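Participant: Could you put the whole structure together from the sequences, leaning on the hints where they help?
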Amino acid sequence: MGMGRVGVAAPSDNAAITLNPGLLGLRERYDFHAHFRLGPAGPAPRGEVGGGLGLQWAASAMDARTSSAVALGFAYSGDRFDAPLADRDLPGWWIPGEEITNRKRYQDFAGGLAIPLLDRHLSVGLGGDVGLYDHDRQGEGLFWDLHLGVGLQPTEGLTLGLSARDLLPGDGEDRPMQLLAGLRAEDQGNLAFEINAGHTWVDAASPLSLRAGLEKILGHAELRLGGGWSGPEGQTYATAGIGTSDEGGGLEYGVAVPLSPDPSPGALLHQISIRFGAPAPIDPL
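Read in order, the letters of the sequence shown are residues 10 to 294 in my numbering.
Just so you know, the hints here were simulated from the structure itself, not pulled from any lab data.
Hints are not guaranteed to be accurate.
What the hints assert, rightly or not - Once the Cα atoms are required to be at most 20 Å apart in a straight line, the calculated SDA-like pairs of lysine to any residue come out as: (1) Lys-225 x Glu-261; (2) Lys-225 x Leu-167; (3) Lys-225 x Arg-284; (4) Lys-225 x Gly-236; (5) Lys-225 x Pro-185; (6) Lys-225 x Gly-198; (7) Lys-225 x Tyr-262; (8) Lys-225 x Ser-254; (9) Lys-225 x Asp-196; (10) Lys-225 x Ile-281; (11) Lys-225 x Gly-259; (12) Lys-225 x Gly-243; (13) Lys-225 x Phe-202; (14) Lys-225 x Gln-197; (15) Lys-225 x Val-264; (16) Lys-225 x Gly-166; (17) Lys-225 x Thr-253; (18) Lys-225 x Asn-199; (19) Lys-225 x Glu-256; (20) Lys-225 x Gly-258; (21) Lys-225 x Ser-21; (22) Lys-225 x Glu-165; (23) Lys-225 x Ile-204; (24) Lys-225 x Ile-283; (25) Lys-225 x Glu-195; (26) Lys-225 x Leu-192; (27) Lys-225 x Ala-249; (28) Lys-225 x Leu-200; (29) Lys-225 x Ala-194; (30) Lys-225 x Leu-260; (31) Lys-225 x Arg-184.
Note that this is a predicted model, so its numbers are computed, not measured.
Facilitator: Written out as structure tokens, the structure reads:
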């Protein structure tokens, strides 16, 4: 969150499971991540921005240590929010003065698989997700999708990522197709910078998006700043985060501040993230 909501080229973040499964095989690690998010509602990829207060929770686990031939990751997320009423949400008739609720609920289950190659300098991955929705207006339903990703790490401090997401055509509850690219440069344990660019196939003024973020590590403390512009949402935002971590895990608080079109304090998005990592294996004597 704090680094501008980047992640297309972040090989140590479990967001790779859904954002770019190709990253899963680049580093030998085992991690469990969870987050809790509170703020203005609407999962951005679905284009439902501008609703009331929303609540999201998520958990993920990945293993790229047990096997040198394959890396696996699994993720679950839940989302509940009050969306603005669109034409398709309006009932055929209603009693004048009666409140028309439009609460939307999503449950997403995702998995990712990656094959590390060239001594983990290259990784190719496949991901998929199954989602359930339960809405006041559209009722209940099911959707699914597939993702492809590639991660390339020519040197320890440089990572490139490319991801094609939501490749299966779906109905109105499915996310639109996206093509994402990212570059990350880092001095591990000291400084990191990442920039992401994307194209979303939606009917919007601009289908393009750009995000960037910077991280500075001071001992066990981590400071993050970032920002982004999303053409499909017509939104510009800044982010900040502070956290602490070591080999065994970490804790972070992040906030996203909209700069346009609604810069009001009530539009802030807050997130608390927690990570548990397995310690490094002990070399035999």
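Participant: Looking at the structure, which of the earlier hints fail to hold?
Facilitator: Numbers 5, 12, 31 - these are the hints that the structure violates, sorted from lowest upward.
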